[in-house]
Amino acid sequence: MVQFFVKRLIGLIFVIIGVTFITFILGYLAPGDPIRQQMGDHFDLQTWMQLRHAYGLDLPWYQQYYNFLTHLVKFNFGLSFKYQNRAVWDILKDGVPVSAELGFWGLMIELLLGIPVGIYSALKANTWLDTTSMGISLIIYALPPFVIAIIAQVIIVSLDKQTGGSWPASSWGTPWQYSWSDLQPKIVPILVFGAAGFAYFARITRTTMLEVLRQDYVRTARAKGLQERVVIYRHALRNAMIPLVTLIGLALGFLVAGSFFIEQIFNIPGIGRISLQSIYDHDFPVIQATVVLLAAGVVLGNLISDVLYSIVDPRIKSE
Amino acid sequence: MDDREREPKVVSSEFMHPDTGTVPPPPELLDLADGAVNTNVAIASTPEEAQKAVKSPTPLQDSLRRLRRDTRAMISLGVIILFVLVAIFGPFIYQRIGSNYQSEQYGTVPVSVYHSFSHQELIRQDEGPSGQYWLGTDDLGRDIFARLMQGMLISILVAIVVEIIDVILGMTVGVLAGYFGGWIDQFLARFTDLMFAFPGLLFAILLTGVIGPSSDDALAKIPFIGANGNGRLLLVSIALSFTIWPLMARYVRGQTLQLKEQQFIEAARTSGTSGIGIIFRHIIPNLFSIVVIAATLNISNTIIGEAGISLLGLGVKPPGSSLGLMISDGTPLIDTHPWEIIVPTAVLAIIVVAFSFLGDGLRDAFDPRSKD
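Residue numbers (my numbering), protein chains in the order written: chain A, 1 to 319; chain B, 1001 to 1372.
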């Protein structure tokens, strides 16, 4: 057990080093002198040297990378290129709660809607209910998140036009506040955000559940004369949940990738949109910080699902 | 065995490996990832079967017959063929249908010009479908139908380039890792872990965003492929293949590992065939189905990727056209002219869904056991 986690942690450290190195080296090798760009017409050698020194850009690359890493450990992401003297964290900090909120509710939609739909489909396998819900989730899963987002927006706008209502098609309320005016703009993006994962979980749950229902112990439980409800919820569902736990990490990956598009399309001021803006601005410290944050989120999600997995499934300890 | 751990089935502990990869494959490939060998490809296990095999169709014909019976996959295939034909030949035909047009802006404009994807008639903005402009015009007075066909062509081109790189790289590394193991296997495992830590398109977005603007000139110097301002497109393709190939390599590795244990490989080895000989004569031919299926399913991800990157303004630049770019051009007009965003979104959705249905159908046809 301990060995398992040590090995996992070593793997994670490797991944984090790889991710930080790639993001660092991309910024380092990217053509164009960021300081020069920043100074524009007001170029003079003295200030240029000073600024280069302040950002640590006059050091050799390994020194720069080392500084980047050591600062990262202290949660210091450095200074922005674009907004002089503004710490990167200062730029990001407003986006974090927004993205976290979006991600949290998105994940909730995936799990709390996807899993029950999957179970229900499995119990009603091959009826019209099962075929329709699985058909819909198949299409939702195949579609990229931005297409679903645009379809949702077109629907909102045309509904607004017909009813004369003013349901907002974009923007966001105060994070973690749920008065009606805060909630209203959040509902659709969250639903869209969770859609792909919802379809994924519904399909996987259905497959797993069908598999479990075919097992001998389920037949035994039924033969014992247990109530169908007990058989399904106590015997089948619990075992079907085990492999699902490992998929939460994957779901996180889905969410992070989707956040770029959802935040851009719905005009939500989260991390995804900030990092896109910094890509447009060539603001490397901000790009590096967001990429590392997002990748760390995914890696952490995977670690958590590993831990959960070994708790839920004791057999893994025997390794 | 890497992917066993994540299999959404009842997992048995004998397949557990503490240091396996961190990310599971997408659900459509779960059955493949487990390296389900298509034993029907190469061997008939009993004498009766062997005798029957003389007359019965080959496994490939058998799979194709199953595929033909799959209505959903066949409809998807039909849609894909139709779209490909329209994208390739459509512009030539479309630019010959119609007559010269007296533009207030440019004087006489021949049909081949105003039916091209980049011509702007600034006084004919945001029109609905008409005889002159079959699907109307966009906010710069460009022909939406012409732009749509160009966008589809771009999607197809990117998909082809990415899949070529994906198959070559993925197969080479996957076969070597699976057959020889050792450091190349270690490298693949670590590299896959690393690439999976960049969620989805993040790496491609990063690469195109950071080195895109400055690499345009350099890539444009490459003859033919980089010509006509397609340099950025090449970069997008490279970035996408870079994120996609490890997945292909993992499937190929899994399949190779299983094939290696098969008796016919053992027989070849005992009769003195070299490692290289076995790889080329016995392993690669048996990878056909897994590579075709994985590539088909990857195409839909590739098309999504290109459209997504162009949507974010990091891919194809105007006056070029791409489905993603058309969607992004239409976004501000969603209130007033929703048509301009609905058309490219619908086309993209149809293409993507068609490819993933075809991929599912291929998987079911080539590996009947995977059907649930």
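Be aware that a few hints might be false.
What the hints assert, rightly or not - Have a look at the derived ranges for each label pair, beta carbon to beta carbon:
#  : chain 1 : residue 1 : chain 2 : residue 2 : range
1  : B       : I1168     : A       : Q215      : 52 to 60 angstroms
2  : A       : K93       : B       : R1068     : 24 to 32 angstroms
3  : B       : F1191     : A       : V96       : 25 to 33 angstroms
4  : B       : F1191     : A       : I187      : 45 to 53 angstroms
5  : B       : F1191     : A       : P269      : 54 to 62 angstroms
6  : A       : M39       : B       : T1172     : 41 to 49 angstroms
7  : B       : T1270     : A       : T220      : 55 to 63 angstroms
8  : A       : W89       : B       : G1107     : 55 to 63 angstroms
9  : B       : P1319     : A       : A87       : 51 to 59 angstroms
10 : B       : T1172     : A       : S181      : 51 to 59 angstroms
11 : A       : S166      : B       : G1107     : 44 to 52 angstroms
12 : B       : Q1125     : A       : S181      : 29 to 37 angstroms
13 : B       : F1191     : A       : R86       : 49 to 57 angstroms
14 : A       : K93       : B       : G1275     : 53 to 61 angstroms
What the hints contain is simulated information worked out from the structure, not anything from laboratory work. Cβ coordinates follow ideal geometry from the N, Cα and C atoms, glycine included.
A quick look at each hint next to the structure:
Between I1168/B and Q215/A the C-beta distance comes to about 43 angstroms, which lies outside the given range of 52 to 60 angstroms. In this structure, K93/A and R1068/B break the distance hint of 24 to 32 angstroms, their C-beta atoms being roughly 58 angstroms apart. Taking the beta carbon of each, F1191/B and V96/A are about 30 angstroms apart, inside 25 to 33 angstroms as hinted. Distance hint check for F1191/B and I187/A: the Cβ-Cβ separation is about 40 angstroms, which falls outside the suggested range of 45 to 53 angstroms.
Distance hint for F1191/B and P269/A: a CB-CB separation of about 35 angstroms, inconsistent with the stated range 54 to 62 angstroms. In this structure the supplied range 41 to 49 angstroms holds for M39/A paired with T1172/B, their Cβ-Cβ distance being about 47 angstroms. Separated by about 47 angstroms at the C-beta atoms, T1270/B and T220/A break the suggested range of 55 to 63 angstroms. Taking 55 to 63 angstroms as the suggested C-beta distance range, the pair W89/A and G1107/B conforms, at roughly 58 angstroms.
Distance hint check: the CB atoms of P1319/B and A87/A are about 40 angstroms apart, inconsistent with the given range 51 to 59 angstroms. A hinted range of 51 to 59 angstroms holds for the C-beta pair T1172/B and S181/A, which are about 57 angstroms apart. Checked against the given bound of 44 to 52 angstroms, the beta carbons of S166/A and G1107/B, roughly 46 angstroms apart, stay inside it. Judged by the Cβ atoms, the range 29 to 37 angstroms given for Q1125/B and S181/A holds: they are separated by roughly 36 angstroms.
Checked against the hint of 49 to 57 angstroms, the C-beta distance between F1191/B and R86/A comes to roughly 36 angstroms, which is inconsistent with it. Between K93/A and G1275/B the beta carbons are some 56 angstroms apart, a value that agrees with the proposed interval 53 to 61 angstroms.
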